[in-house]
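These are the residues of each chain, in order.
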Amino acid sequence: MDAIKTVELTKKYKDVTAVYGLNFTVRQGELLSLLGVNGAGKTTTIKMLTGLTRPASGDAFLNGKSILTDSAAVKAMIAVSPQETAVAPNLTVRENLEMMAGVHGFRKSEAGDKVTELSDRFGLGEIAGKKAGKLSGGWQRRLSIAMALVSCPQILFLDEPTLGLDVLARSDLWDMIRALKGKMTVILTTHYMEEAEALSDRVAIMKSGRLLLTGTPAEIRRHAGTDKFDEAFVRIVKEGAQ
Amino acid sequence: MKVFAFSRRNDLEILRDPLNLFFGVGFPIVLLLLLTVIQRNVPVALFEIEHLAPGIVVFGLSFMTLFSATLIAKDRGSSFLQRLYTTPLTAGDFILGYLLPILPICIAQSVICFAMAALLGLPVTIHILTSVLFIIPVSLLFVSLGLLCGSIFTDKQAGGICGALLTNLTAWLSGIWFDLRLVGGAFQKIANLLPFVHAVEMERAVLQGDYAGVFPHIWWVMGYAAAVTAIAVFAFLRQMKRQ
Chain U
0 MDAIKTVELT
10 KKYKDVTAVY
20 GLNFTVRQGE
30 LLSLLGVNGA
40 GKTTTIKMLT
50 GLTRPASGDA
60 FLNGKSILTD
70 SAAVKAMIAV
80 SPQETAVAPN
90 LTVRENLEMM
100 AGVHGFRKSE
110 AGDKVTELSD
120 RFGLGEIAGK
130 KAGKLSGGWQ
140 RRLSIAMALV
150 SCPQILFLDE
160 PTLGLDVLAR
170 SDLWDMIRAL
180 KGKMTVILTT
190 HYMEEAEALS
200 DRVAIMKSGR
210 LLLTGTPAEI
220 RRHAGTDKFD
230 EAFVRIVKEG
240 AQ
Chain S
0 MKVFAFSRRN
10 DLEILRDPLN
20 LFFGVGFPIV
30 LLLLLTVIQR
40 NVPVALFEIE
50 HLAPGIVVFG
60 LSFMTLFSAT
70 LIAKDRGSSF
80 LQRLYTTPLT
90 AGDFILGYLL
100 PILPICIAQS
110 VICFAMAALL
120 GLPVTIHILT
130 SVLFIIPVSL
140 LFVSLGLLCG
150 SIFTDKQAGG
160 ICGALLTNLT
170 AWLSGIWFDL
180 RLVGGAFQKI
190 ANLLPFVHAV
200 EMERAVLQGD
210 YAGVFPHIWW
220 VMGYAAAVTA
230 IAVFAFLRQM
240 KRQ
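Just so you know, the sequences run in chain order U and S. Its first residue numbered 0, the first sequence is counted upward by one per residue in numbering that gives the first Met the number 0. Its first residue numbered 0, the second sequence is counted upward by one per residue in numbering that gives the first Met the number 0.
Check the hints yourself; a few may be wrong.
Part of the chain S face toward chain U, derived, beta carbon under 10 angstroms [claimed, not checked]:
| id | residue |
| --- | --- |
| 1 | M0 |
| 2 | V2 |
| 3 | A4 |
| 4 | R7 |
| 5 | L11 |
| 6 | E12 |
| 7 | R39 |
| 8 | K73 |
| 9 | S77 |
| 10 | S78 |
| 11 | R82 |
| 12 | P87 |
| 13 | F214 |
| 14 | W218 |
Simulated from the structure, these hints should not be mistaken for laboratory data. Built from N, CA and C at the ideal position, the CB exists for glycine as well.
The shape of chain S in the complex, shown without the other chains (with noise of 0.2 angstroms):
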């Protein structure tokens, strides 16, 4: 298949960056660890590992869509992508072969995120394996914000907007690294509006094995990953066909 050959580079030229593997996968467990031992030496609630490891899964997402976008910003700053289009590849195999890769790359990332989480305390239940299925919707958003992000703006843009300005809004909007509710007001109900903190908050339940819980934050998350997906595809085939 065309797609998979596409798709098949794509995965390479992701995984075979070193920089890559440290954010993806080294940064969200130095992030587990350090919060574990803080967690030992002074408790916090937010910080136990049942509520932690959640939020750094989903947090640790992020990066997907800083990789996707610069992969895909850069394929369209070279002639990378200018070559393929004169082959028999459609705009539907581009799209997917952006797109399916990296979700597989999500969901290693949260095993492995889990796995280092059930290393340092938690326990080892059938939600864990939950939780995974329940992060796909979840990558779907953040891959797809790569998409979105790769197709409007430059490598470095995309480098900017997604290191810094997407993993800032989901650190400090998701409600993983202090309770939403101690600060309140505007930025509380802006939170809610924005899909991070359900996805953390889905996630929390579904581990908890409080599967009433997961709503209705599942509908946020699912809304926001078809609504971004719809968006994405759009501005692909827009500078598709502008190239």
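Only chain U is shown next, with the shape it has when bound in the complex (with noise of 0.2 angstroms):
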């Protein structure tokens, strides 16, 4: 069974359609990067999947459950980090930890082993007292990832994980997102190439509202001819505007 499946996946909002009938399917413990340029759906899209925002028409299937029909089996096998790294400033590292297991019904012995686990997982054990406010970007980044992962998702959504981060903590926050690979289904959008071209089973580029094309790193390039991938993104979007 594929994790992900879109049947003419249509969002709208009022004369502006953001998505047009998508359709494409992700498999279990596959990673697929959404990539485009701004405006592209791609947000709208993961808000659609996520049950955030209700599509127009069409739906989607999240190892078989219709985001329209059974949106609580949905919530309860996804997970998201969001854009923003979206944690409580004035909550401890571990507090942050224990309030996503708090939220998703573990208990106290549960939550405890899980946000060990965890902490042990992303290298938080030594912050696990300070508040979650005051650390870096790339910290932040790190412990807003670790949140999504508390619930143990079968379905991963990572909105531009990387963004604004530097050289360093981008490429440690690379390695825990490829640890991920196999274990669950990942969605992540970005707008770094190489960070696509380096993490990605399949990629999907989407320019307004419709999808151009799917494949594997190596399909994207040879499919338009270069062996650059960043090269390759330009020239399909290019020629998807024609």
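Reconstruct the complex from the two isolated chains, following the hints.
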């Protein structure tokens, strides 16, 4: 069974169509990057898949559950790490993780075990007692992803996870994201082409609300007739305009 | 319980902000001290501690609207609420999670104010305890106003409207600082149509053990609290749908 299957997924805001009849599938355990310039419809697509906004028409199925008719089951299997570091600033790192365990209904002992495991995995142990608002951007992003993983999601949405981070922090986060591959299905949006190329099993390129192409990074390069991934992206998006 | 995890977070966010502690606890205490000193030097019946303490308790609650509104507006403005909207928390969990944790803070604030008033000469009687109980509907009114403002304004707007406008409305139209009859006319009529003066009069009556004097003020307070809560829930659900 596909982890994600969209069927003519469409979103309209009054007279403006943000996403047109989107059809794509993501296999279980796969990491798919959604690429596109601003206004391509990536964020709207993620909002629909995560139940934050309702499609105008069409549907999407996450592990077979409809986002329209079974949103509670969908919510139970997904997690989102938003573009901004969505952490509670006056809570400590540990309290942020405990809060996420609590809102997912974990019992106290389960929550404690999960928090300890994630703190170890993400190297958060030493700063567990520090307020999240006092952390650097890189550490906040690391915490944000750890918070998304508290519920052991089957499908993880990472919205621009490395935006604005320095090279080292980005490299650290890439390692963490790579470590997730195969364990859960990951949908990643990014503006960094090298990030998409380095991390993705497959890439989906969107423009003006339409899906232009999906394929592995190698297939994308071949399709565009170039060895460089960023060049391939530009060519495909420009051709898509014609 | 999922809602407790969320409400605990809201409690901690409010209580760990030093500015909140200053305005929530420090400022009402400073006002009590200052006005008591003035009263000792220039005796004014309005500033006698039995009259003053209930007014300061109600005025202090207006800051709870500010804290609540700012917290909710900030959560809306950041991606924090969006993250939580993708969790199993329901709309009811969000509303309770924002309303419930602030009520104990309101009660704690009232207890601290009455304790300070007792140190300044307020007779310690059972009526202080009943005054704290009667503060619950007043607290609900102010906390619901916070939910309403936080649901429709940005954090900067909420700071201005709740921090400046509401605190001034509460101060001027509640009869804490001056007898409304001294101004009279439309001013007094408007004040009597709003809940603030009724909240203060209700608390003054309870503190004096005059339970018959609670009426009709309690109906005004409870009516406003129910109406504002209903509007706030509607506004929150509307913005939740929009997000």
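Query raised in the report: Any hints this thing doesn't respect? Which numbers, in order?
Result: Going through the list in order, the structure violates hints 7, 13, 14 and respects the others.
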